[in-house]
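**Q** Model the full structure from these sequences, guided by the hints.
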Amino acid sequence: MGRMADSAALENNLFASKLFRPALPAALVARQGLVTRLQEGLALGRTLTLISAPAGYGKSTLAAEWLAQVRQPIAWLSLDESDDDPLRFFTYLCAALQQINIPLSSELLKALNAGQLPPQNILSSALVNALQAATSTCLCVLDDFQTIQDKLILSVIQDLVAHPPRHLRLILISREDPTLPLARLRARNQLTEIRAADLRFSDAEIERLLRQGLGLNLSNQELARLAERTEGWIAGLQLAALAMQSQATSDGPASLGDFIDNLSGAHRFFLGYLTEEVLKAQPPAVQDFLLQTSILAKLNGDLCDAVTEGLGSAARLEELLAANLFLIPLDDEGRWYRYHHLFADLLRNLLRRARSFEIPELHRRASRWHEAHNLPIEAIDHALAAEDFSRVAELLETQSWDMLNHGLVRKIETWIHALPEEQRYHSPRIALDFAWMHLLRGNFGQIPPYLQHAQVALTRLDANEPSRQNLQAELLALQSNLLQVQGNHSASLQSAQAALQLVVPENLRVVGLASLGMGAAYRQAGNFEQAVSALQKAVQASQASGELVTEMLAVAHLTLMAMQFGRLRFAAQTAASSIERIQNSGISPPPIIGAVYGALGLVYYEWNQMDQARQYFLQGIHLGTFSGHNASLIYTKANLARLLQAEGNLDQATRQVSQSVELLSQGAPGWVGPELVARQVSLLLAQANPDAAHALLLRSGITMDTPIHHQTDPLHLAWLRWLVAQKRPQALDLAGRIIQSAQEGQRHGTLLQAWILSALGQAGAPQTALPMLEQALALAEPEGYQRIFLDEGAPIATLLQRLSHIPYAQKLLAFIPELANQPQRVALIEPLTEREIEVLGLMAQGLKYAEIADQLVVSVNTVRFHIKGIYRKLGVNKQSQALQLARQLNLL
Amino acid sequence: MTPDRQKHDPRIYQITFKGQLDEDFLAAYCPPGFTLQNQEGFSKLSNVCTDQAGLIGLIRHLHNLGCTLIAVNVQETA
Numbered sequence: 001m002g003r004m005a006d007s008a009a010l011e012n013n014l015f016a017s018k019l020f021r022p023a024l025p026a027a028l029v030a031r032q033g034l035v036t037r038l039q040e041g042l043a044l045g046r047t048l049t050l051i052s053a054p055a056g057y058g059k060s061t062l063a064a065e066w067l068a069q070v071r072q073p074i075a076w077l078s079l080d081e082s083d084d085d086p087l088r089f090f091t092y093l094c095a096a097l098q099q100i101n102i103p104l105s106s107e108l109l110k111a112l113n114a115g116q117l118p119p120q121n122i123l124s125s126a127l128v129n130a131l132q133a134a135t136s137t138c139l140c141v142l143d144d145f146q147t148i149q150d151k152l153i154l155s156v157i158q159d160l161v162a163h164p165p166r167h168l169r170l171i172l173i174s175r176e177d178p179t180l181p182l183a184r185l186r187a188r189n190q191l192t193e194i195r196a197a198d199l200r201f202s203d204a205e206i207e208r209l210l211r212q213g214l215g216l217n218l219s220n221q222e223l224a225r226l227a228e229r230t231e232g233w234i235a236g237l238q239l240a241a242l243a244m245q246s247q248a249t250s251d252g253p254a255s256l257g258d259f260i261d262n263l264s265g266a267h268r269f270f271l272g273y274l275t276e277e278v279l280k281a282q283p284p285a286v287q288d289f290l291l292q293t294s295i296l297a298k299l300n301g302d303l304c305d306a307v308t309e310g311l312g313s314a315a316r317l318e319e320l321l322a323a324n325l326f327l328i329p330l331d332d333e334g335r336w337y338r339y340h341h342l343f344a345d346l347l348r349n350l351l352r353r354a355r356s357f358e359i360p361e362l363h364r365r366a367s368r369w370h371e372a373h374n375l376p377i378e379a380i381d382h383a384l385a386a387e388d389f390s391r392v393a394e395l396l397e398t399q400s401w402d403m404l405n406h407g408l409v410r411k412i413e414t415w416i417h418a419l420p421e422e423q424r425y426h427s428p429r430i431a432l433d434f435a436w437m438h439l440l441r442g443n444f445g446q447i448p449p450y451l452q453h454a455q456v457a458l459t460r461l462d463a464n465e466p467s468r469q470n471l472q473a474e475l476l477a478l479q480s481n482l483l484q485v486q487g488n489h490s491a492s493l494q495s496a497q498a499a500l501q502l503v504v505p506e507n508l509r510v511v512g513l514a515s516l517g518m519g520a521a522y523r524q525a526g527n528f529e530q531a532v533s534a535l536q537k538a539v540q541a542s543q544a545s546g547e548l549v550t551e552m553l554a555v556a557h558l559t560l561m562a563m564q565f566g567r568l569r570f571a572a573q574t575a576a577s578s579i580e581r582i583q584n585s586g587i588s589p590p591p592i593i594g595a596v597y598g599a600l601g602l603v604y605y606e607w608n609q610m611d612q613a614r615q616y617f618l619q620g621i622h623l624g625t626f627s628g629h630n631a632s633l634i635y636t637k638a639n640l641a642r643l644l645q646a647e648g649n650l651d652q653a654t655r656q657v658s659q660s661v662e663l664l665s666q667g668a669p670g671w672v673g674p675e676l677v678a679r680q681v682s683l684l685l686a687q688a689n690p691d692a693a694h695a696l697l698l699r700s701g702i703t704m705d706t707p708i709h710h711q712t713d714p715l716h717l718a719w720l721r722w723l724v725a726q727k728r729p730q731a732l733d734l735a736g737r738i739i740q741s742a743q744e745g746q747r748h749g750t751l752l753q754a755w756i757l758s759a760l761g762q763a764g765a766p767q768t769a770l771p772m773l774e775q776a777l778a779l780a781e782p783e784g785y786q787r788i789f790l791d792e793g794a795p796i797a798t799l800l801q802r803l804s805h806i807p808y809a810q811k812l813l814a815f816i817p818e819l820a821n822q823p824q825r826v827a828l829i830e831p832l833t834e835r836e837i838e839v840l841g842l843m844a845q846g847l848k849y850a851e852i853a854d855q856l857v858v859s860v861n862t863v864r865f866h867i868k869g870i871y872r873k874l875g876v877n878k879q880s881q882a883l884q885l886a887r888q889l890n891l892l
Numbered sequence: 893m894t895p896d897r898q899k900h901d902p903r904i905y906q907i908t909f910k911g912q913l914d915e916d917f918l919a920a921y922c923p924p925g926f927t928l929q930n931q932e933g934f935s936k937l938s939n940v941c942t943d944q945a946g947l948i949g950l951i952r953h954l955h956n957l958g959c960t961l962i963a964v965n966v967q968e969t970a
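Residue numbers (the numbering used here), protein chains in the order written: chain A, 1 to 892; chain B, 893 to 970.
If you are wondering where the hints come from, they were derived from the structure by calculation, not from laboratory data. Among these hints, one or two may not hold up.
Taking lysine to aspartate or glutamate pairs in the DMTMM-like style, the calculated list, with each CA pair at most 25 angstroms apart, reads [to be verified]:
hint, chain 1, residue 1, chain 2, residue 2
1, A, Lys298, A, Asp258
2, A, Lys151, B, Asp914
3, A, Lys151, B, Glu915
4, A, Lys298, A, Asp288
5, A, Lys151, B, Asp916
6, B, Lys936, A, Glu176
7, B, Lys910, A, Asp258
8, A, Lys280, A, Asp258
9, A, Lys727, A, Glu783
10, B, Lys910, A, Asp150
11, A, Lys878, A, Asp651
Bear in mind the structure is a predicted one, so any value in this text is a computation, not a measurement.
**A** Shown next, in the form of structure tokens:
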């Protein structure tokens with residue numbers, strides 16, 4: 001059996017009980033007719049099976065009876081209200097699917113484990129792809145599906161139903177019809193349905209249950225009356241049967257007729273009456289036990305001992321199970337049980353009516369037991385039911401951070417709302433936890449109200465409270481990061497400094513966060529040295545405290561900033577060591593890491609190590625896509641476009657850029673926009689479309705006269721590139737201004753680019769151009785910059801030739817003939833394998849698939865597989881197109 | 893099965909709600925044979941033949957689509 005190795009949660013047997021398929025109860029009435037219908041649906045390959053009926057119709061029992069006859073692997077998931085949260089739902093669904101060895105992508109599992117929810121389309125395609133890989137039919141059962149109302153979850157299930165993986169059979173058990181296009185599925189014969197009308201016991205089944213199953217001696221008339229009263233509703237019949245059994249033993253068979261006559265048709269009332277009858281027939285100790293434990297959603301012996309303050313509950317539970325008292329086992333070791341939902345409701349009603357004074361104490365005991373067994377959700381639920389609000393607040397305070405990281409956002413919000421106002425933010429801890437969570441997930445808009453709550457709670461704390469300073473520091477550190485994102489770097493800096501003054505040095509989590517805010521603020525202010533020192537401190541502190549997201553945010557800032565300041569080696573070192581650390585740790589990387597890969601790719605690109613660069617870019621895009629981190633994606637796709645453009649593959653470069661533009665329109669932080677415009681301008685100029693480039697620059701919000709600072713660099717450089725390409729005289733002035741600003745700010749990356757463009761603009765005046773280029777070479781060499789020159793092609797070569805006495809110019813020139821000889825060389829994003837090239841060659845010789853297979857001593861299927869790969873990589877779907885393109889690419 | 897019991901599910905319902913819905917869209921979610929009328933700002937779904945679980949599911953779906961439920965009537969038994 002597959003296991004979610006890195007999830008400690010599975011160790012928890014309560015969690016495992018969610019994945020446990022209810023054992024087949026000693027069924028008194030087999031329902032072979034319905035089972036046959038279900039089997040037929042399965043054999044017909046229908047995607048969806050729906051068992052939809054109100055409570056007490058025997059839905060789960062039928063499913064268990066059916067599935068006991070099914071030989072295919074079955075993933076079972078029992079849902080409850082707290083699963084109506086996408087992160088939680090998909091974590092459980094993946095765990096269930098892993099039990100039947102569905103090969104889920106490790107990225108998906110890591111992301112879910114790290115509390116990150118991939119966007120809907122990624123989630124759907126990850127699930128569809130994994131299920132597609134199944135080689136034979138597998139069943140996935142979602143029980144109590146009516147608890148799921150979340151739009152995202154329903155959309156993904158809809159996607160699964162709309163594009164069903166070939167071998168998946170989805171079985172939904174629900175009290176009401178789920179929001180899925182059932183009518184459409186019905187019309188296409190893709191739906192097997194079992195509904196209330198099917199589930200009601202027929203007269204014959206009622207007879208079998210009562211006469212043969214339970215040995216009740218009933219006349220035909222009595223049977224018919226009972227059938228009429230219960231309308232074949234199974235829960236009602238079973239309760240009635242239990243009540244009659246006890247009547248029969250105490251008063252003799254004569255009274256059964258009267259008993260049936262007394263039953264009224266109104267379900268609720270009639271059930272209450274029946275339950276009382278059943279309960280009365282039990283010994284007092286069992287009565288007490290049933291009533292007291294009815295407050296529990298799931299029961300085990302130890303827990304029942306704690307709640308009843310008794311002993312021997314485990315044995316009692318086994319007795320109840322044997323006596324058919326609506327107890328359902330939740331695992332196969334007899335550890336966990338639950339009462340049938342309806343029966344539990346009825347028992348609780350009786351408890352409320354007869355002994356309501358006991359209820360709070362019972363819940364308190366349950367709460368303590370769950371707390372001691374590290375089951376905080378249940379502990380809090382029971383504390384709330386006991387109306388012990390200070391206990392709820394206490395538990396929330398200690399547990400909220402862990403629970404938030406396990407996707408219980410909605411649940412915690414519900415708990416908080418259930419608390420009276422004065423308890424709600426009794427301590428700032430919970431509000432701070434929420435603020436952290438939103439900060440780490442990048443939902444900045446959600447942070448301010450929590451910071452306000454935290455502030456209010458802080459002012460209520462006793463001034464002598466030792467934790468107060470640390471909490472205040474934490475608040476300030478969070479605030480600093482929020483202000484920084486909002487672009488208010490001076491206020492951000494103040495908050496960060498105040499936080500670092502207040503916090504005790506051992507509180508590394510807060511030290512890391514405050515340093516991050518400080519470093520990011522210094523970066524915004526264009527203060528390289530101080531930004532680096534603060535960010536490095538943030539990296540160290542968060543490494544020590546294990547706060548991965550803080551660390552990666554600091555690394556991303558460091559790396560991106562180092563690029564602008566022309567510190568390629570520093571950028572590479574910072575990025576590579578963090579990536580290595582994360583890869584070795586097996587922890588799920590936070591979403592921002594996509595940008596770190598993008599930046600590392602850019603360093604290798606500048607070093608003219610194109611394969612390495614491409615690998616990092618593709619990895620960055622992969623990770624960014626998965627985590628839905630738009631900024632990472634836009635930045636990395638734009639960088640990949642640069643590489644593609646350099647390889648002469650303008651179409652693919654354009655595609656990457658337009659995808660980035662599309663992503664940008666969906667929303668992304670401000671820093672990615674200018675880089676993207678610069679990329680677009682360069683691409684449009686390469687495509688000889690200067691007017692479109694100009695229009696883009698005019699819309700950018702920056703004119704060439706706008707004052708220059710570090711945040712406008714990419715746009716000013718784009719203007720400069722356009723002016724140079726258009727041979728406009730203003731180029732000289734703009735270049736001078738950029739050079740001056742970059743020199744003052746030590747932004748060497750910017751400075752290099754400006755020198756090179758300026759030299760190109762003045763190629764006709766070598767006495768100005770050459771010294772400038774010489775300076776650029778001197779600055780570039782120690783950091784290994786190459787592409788920044790090579791990308792300019794023949795015009796730069798002409799200038800470099802005149803500096804060939806400089807060794808670095810000579811080194812660069814060595815690459816340029818290659819550029820000149822293959823100006824139109826188009827490259828593939830994903831290169832063909834040797835085998836694929838071999839197959840391509842044989843295809844070009846006009847060989848048929850079978851002949852190619854013979855030649856290579858492989859099967860025809862393998863040849864098909866290779867050809868599919870070739871077509872995909874070349875982006876074609878016909879042999880003629882593939883051969884034509886392959887010739888253009890010199891692959892033949 | 894006794895004739896009395898057949899009466900209960902499914903039944904034909906008429907659902908009146910406030911809000912505009914596309915008939916094609918509804919076709920994917922409603923049992924076949926239903927009709928949709930718009931009158932005086934209300935929408936009326938008639939001939940909806942379904943059982944309790946189907947009815948509750950449909951009402952919740954309308955609710956999730958932002959429609960305001962006005963009335964549910966039984967038209968006749970199936």
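**Q** Determine for every hint whether it applies to the structure shown.
**A** Each hint tested on the structure:
Proximity of Lys298/A to Asp258/A is assessed by CA-CA distance (about 36 angstroms); at most 25 angstroms being required, the pair is judged violated. Only pairs whose Cα atoms come within 25 angstroms are accepted, and Lys151/A paired with Asp914/B is accepted, the gap being roughly 20 angstroms. Annotation: proposed proximity of Lys151/A to Glu915/B holds, straight-line Cα distance about 22 angstroms (limit 25 angstroms). Our distance criterion of 25 angstroms between C-alpha atoms is met by Lys298/A and Asp288/A, whose separation comes to about 17 angstroms.
The straight-line distance between the Cα atoms of Lys151/A and Asp916/B is roughly 21 angstroms, inside the 25 angstroms bound, and the hint therefore holds. A distance of roughly 22 angstroms separates the Cα atoms of Lys936/B and Glu176/A; the hinted pair therefore holds under the 25 angstroms criterion. For the hint pairing Lys910/B with Asp258/A, the CA-to-CA distance comes to about 50 angstroms; that exceeds 25 angstroms, so the pair is violated. A distance of roughly 18 angstroms separates the Cα atoms of Lys280/A and Asp258/A; the hinted pair therefore holds under the 25 angstroms criterion.
Simply put, Lys727/A and Glu783/A have alpha-carbon atoms about 30 angstroms apart, too far for the 25 angstroms limit, and the pair is violated. A C-alpha spacing of about 23 angstroms is found between Lys910/B and Asp150/A, which places the hinted pair at or below 25 angstroms, so the restraint holds. A C-alpha spacing of about 20 angstroms is found between Lys878/A and Asp651/A, which places the hinted pair at or below 25 angstroms, so the restraint holds.
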